[in-house]
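**Student:** What follows is the residue order along each chain.
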Amino acid sequence: MVGIDWFLGLSAIMFTIGIIGVLIRRNAIVIFMCVELMLNAVNLSLVSFASHHGNIDGQILVFFALAVAAAEAVVGLAIIIAIFRNNLSVDVSKINLLRW
Amino acid sequence: MIVYLFILLAVLAVGSALAMVINKNVVNSALFLVLNMVSLAGIFLILNAQFLAVIQVLVYAGAIMVLFLFVVMLLNVGDEEKLFDKFRVKYFLAFFLAVGVMGQIFYSLAGVTDMLPAISENMAAIGTVEAAGDVLYTKYLLPFELTAILLTAAVVGALMIAQHKIKRTENI
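Respectively, the protein sequence lines represent chains L and H. 0 is the number of the first residue of the first sequence in numbering that gives the first Met the number 0; add one for each residue after it. 0 is the number of the first residue of the second sequence in numbering that gives the first Met the number 0; add one for each residue after it.
Simulated from the structure, these hints should not be mistaken for lab results. A virtual CB, placed ideally from N, CA and C, is assigned to each residue, including glycine. There could be a bad hint or two in this list.
As the list claims (entries may be wrong) - A partial selection of chain L residues facing chain H, derived with a Cβ cut-off under 10 Å:
| id | residue |
| --- | --- |
| 1 | 5 |
| 2 | 31 |
| 3 | 43 |
| 4 | 53 |
| 5 | 88 |
| 6 | 94 |
| 7 | 96 |
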């Protein structure tokens, strides 16, 4: 069987890719997808800990994280639509109303 | 056999995540994210979390990503033309910052590597729908009901935000 350290390493690598995506992309939708990727990476480490401990509580936590992620995606995409309606762009470098 | 399956799925997950980040087209990025989520569901199956694997495919790859694709096609955003055609200090800064974060995680993992749990005996029995539902409807009943309220609030909030013109009454 595969040890838990491999799963945690994969989770760390995916989290890092998500960070890079958030930092270098400028399209708000892609930034949002990278946040989802980071959320998935953390979910993976939670599931691997739950399975290796033989305890289901971690998997239930992942289930609730999924529900929160769904709510977050709905509200976030609504905000992106509202921003697009005002600025006709989802480029985060052009959305500078609150920037000094 | 399980090891080869894990390596295949892990390479698929990391490769599709990288492809999602460096792809200029938003629709292609979203489809690579779907591939990433499906391979993560496979990894959940290796970890004997069958319930979460099905939920991952249904909710993430099925519902959330369809919502993303729907918004992408609704807004009709073009490609990010100037993604990699110019040398930017920002990219190197982001890369080194992210590598610093990864090094920190790996360093802390290496510090506790003797304390990490080995594979549990009853691992095969805990991830089933039966076991998950058993705990979900008894021990975690209150959070489960609160999730329903959260989802309703999210739907109402999304409708309020995305509405074209909010009608305001005069006496506010």
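**Student:** Is the shortest C-beta separation between residue 96 of chain L and chain H less than 10 Å?
**Tutor:** Constraint on residue 96 of chain L not satisfied, violated at 16 Å.
**Student:** Given residue 5 of chain L was flagged as interface, is its beta-carbon under 10 Å from a beta-carbon of chain H?
**Tutor:** holds, 7 Å
**Student:** Please verify that hint: residue 94 of chain L, Cβ, nearest Cβ of chain H, below 10 Å or not.
**Tutor:** violated, 13 Å
**Student:** Verify the interface restraint on residue 88 of chain L: the C-beta must sit less than 10 Å from at least one C-beta of chain H.
**Tutor:** holds, 8 Å
**Student:** Measuring from the C-beta of residue 43 of chain L to each C-beta in chain H, is the shortest one below 10 Å?
**Tutor:** Holds, about 6 Å.
**Student:** Does the CB of residue 31 of chain L sit less than 10 Å away from some CB of chain H?
**Tutor:** holds, 8 Å
**Student:** Classify the hint on residue 53 of chain L as holds or violated, based on whether any CB of chain H lies nearer than 10 Å to its CB.
**Tutor:** holds, 3 Å
Comparing the model with each earlier hint shows violations of hints 6, 7; every other hint is respected.
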